[in-house]
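Chemist: Here is how the chains run, residue by residue.
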Amino acid sequence: MGIIVNRDTRVIVQGITGIQGNFHTRLMLDYGTQIVAGITPGKGGTEVYGVPVYDSVSEAVEKHSATASIIFVPAPFAAEAALEATESNLKTVVLITEHIPVKDTIQIMAYAKRQGTTIIGPNTPGIITPDECKLGIMPSHIFAKGEVGIASRSGTLTYEIAAELTRADLGQSTCLGLGGDPVVGLNFVDALKMFRQDRETKAVVLIGEIGGNAEEQAAEYISSNLKSKLSPLPVVAFVAGRAAPPGKRMGHAGAIVMGNTGTAESKINAFKEAGVDVAEKPSDIPKLLAEKI
Amino acid sequence: MKLFEYEAKSILAEYGISVPQGALASSPTKAKVVATQLDAPYVIKAQVLVAGRGKAGGIQFASSPEEAAGITERILDMKIKNLSVNDVWIEEKVNVQRELYFGITIDRARCCYVAVASAAGGMEIEEIADKEPEKIVKILIDPTLGFRSYHAREMARRLGYSGKSIIRLAKVFTKLYVAAMDCDAELMEMNPLVETTDGNFVAADARLIIDDNAIFRHPKYETRFLSEGQTELAPEEIEARRAGLAYVKLEGDIGIMGNGAGLVMATLDTVQHYGGSPANFLDVGGGASEEQVASALNILLTDRRASIVLINILGGITRCDNVARGILEAKKKVDFTKPMVIRLVGTNEAEGRRILTEAGIHVLDSMEEAAQMAVEIAGGR
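Residue numbers (this note's numbering), protein chains in the order written: chain A, 1 to 293; chain B, 1 to 381.
The hints are simulated quantities; they were obtained by calculation from the structure and are not laboratory data.
Hints are not guaranteed to be accurate.
As the list claims (entries may be wrong) - Simulated pairs of lysine-lysine, BS3-like, Cα-Cα distance not exceeding 27 Å:
(1) K248(A) to K81(B)
(2) K55(B) to K248(A)
(3) K43(A) to K91(A)
(4) K131(B) to K248(A)
Claimed, not checked - Some chain B residues well away from chain A (every beta-carbon gap over 10 Å; in silico):
(5) S27
(6) G70
(7) R98
(8) V116
(9) G163
(10) G199
(11) R305
(12) V334
(13) F336
Don't be surprised by glycine CBs; every beta carbon is placed ideally from N, CA and C.
Start from the sequences and build out the full structure, keeping to the hints where you can.
Modeler: Written as structure tokens, this is what we have:
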């Protein structure tokens, strides 16, 4: 089980013949992800690791009943790729690409909403449901199957925390990278809603960072929806960027404090007020979780 | 990327929005010449890429070309929030009846652009939102519709306008929206947008921040983006950006680098947690090459403020052996050294460790252990 992707997910790779696309297709195949086709305009008819390559998404979807796409197309062309995937009615589109102009992202999200397509990213490591499906670029050996759901705005920090969990024998149901951009397809509230519906997920870790107010919104959702005695869902959080100065972009396009908006303090306080334990350091998370499961 | 006021204003003018007559001056002599061609009184404004220049004395008034020259000399000598002033913009003072605010920016949570207006112009928009939130009018812009003339008229009406001025003001709003979209603006605002005593609307000040990720669509600004003195970035930040790295200068003495924005931020936080003070943020990104690691480390080794270097690598697509070779490469290039604390785990970890250990560099397993050691060596506690 887990959320969004599982062993039945049928994947196409857009940009499969590029260096990144090719490299990660290999790793995803090794993990057991069902990759049914690849897309590179102009290279239709060729193959990559036995995966047939097509010129267009609609052709690949028609021939292979694909349900999801992962995009490794460079930023200037990524919006076109995402819109093409969305128009073909795929259920899920993972947008790995970093540096997509926000104007393009806004357009993608509006169209995806109309089509009922779930966009993950942009600027995301992707999503993994351990032992079932990896749709992303994360190192797979640090994950293990289990009951903890993770939603995160950061890549390597997710690996750091997932590895800590796995070491502590706390496996994961699904790890979802929301993406480091200011505008992304899924936020923490969306993730919490899905984890709540998933029978396998018994607790959730949210990994936030400075910028925007997605963490504050999650805190609000948690205090009004996840505290019921009947179906409580324990949540533990970590927020990166307490040492970050205002007005500076900390690596991610979305990690920036503007005026008084988006500070780590505001997010940490919102979580605490909602009764969510906030870890001081990443290594404190397994302890905090173990108390709750 | 932030543009200077005069650049933002020239874009507004291209789109048919009225701006005060003015010109740029980089010396008192030039200021006098420029002022002679304009009508007094004048406003003289420091061209710097930080907000709050007014409070710092960077905006002053003059009633004659001689006075304009004197003021220009003083402003060019100033440092505003540590930035030197290379140019002033001299313009004709407008006769204010009312000051408004109008801007286009991004609503992250709702995934769309938002138009924001206020009848309390002149103040920073955050300050208005804080003190007089009831004076703010907002319209979320549906990406499939865009910002239409009826949206603009509705905003003008809600600001208290009626009759023909609704139409005149709405035209200014729509023009700004079109300019903001064409520029890939992250933020474009007129503050204040002045209603003059004769009923016209004039943008007395303008700000434009272009989405860094969209610079490739604006070749005019592409080289400028990486030129010193022409952006708000420190020289080290520009050097890092040229090498494809994300760097932010901070105040402390522990130089820090790692792979991934979140991981590096968390490293900074952990250092601070143990009582240390980070000298910088430096993210080498995913899948960093040997060369990128070397140029990143070079920035830290040559930073005089950093007495120690803390490296935190969790290899995923980044390979630990590449990182290790990059570290040795950078060490070879500079003829001095600093204490280094390195945490290195993940892809090709064993090979990376071997390379470093053979070179006499000790490698640690955990980020916390490494942060703690760095703080101890730096003498933080």
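Chemist: Which of the numbered hints above does this structure break?
Modeler: none
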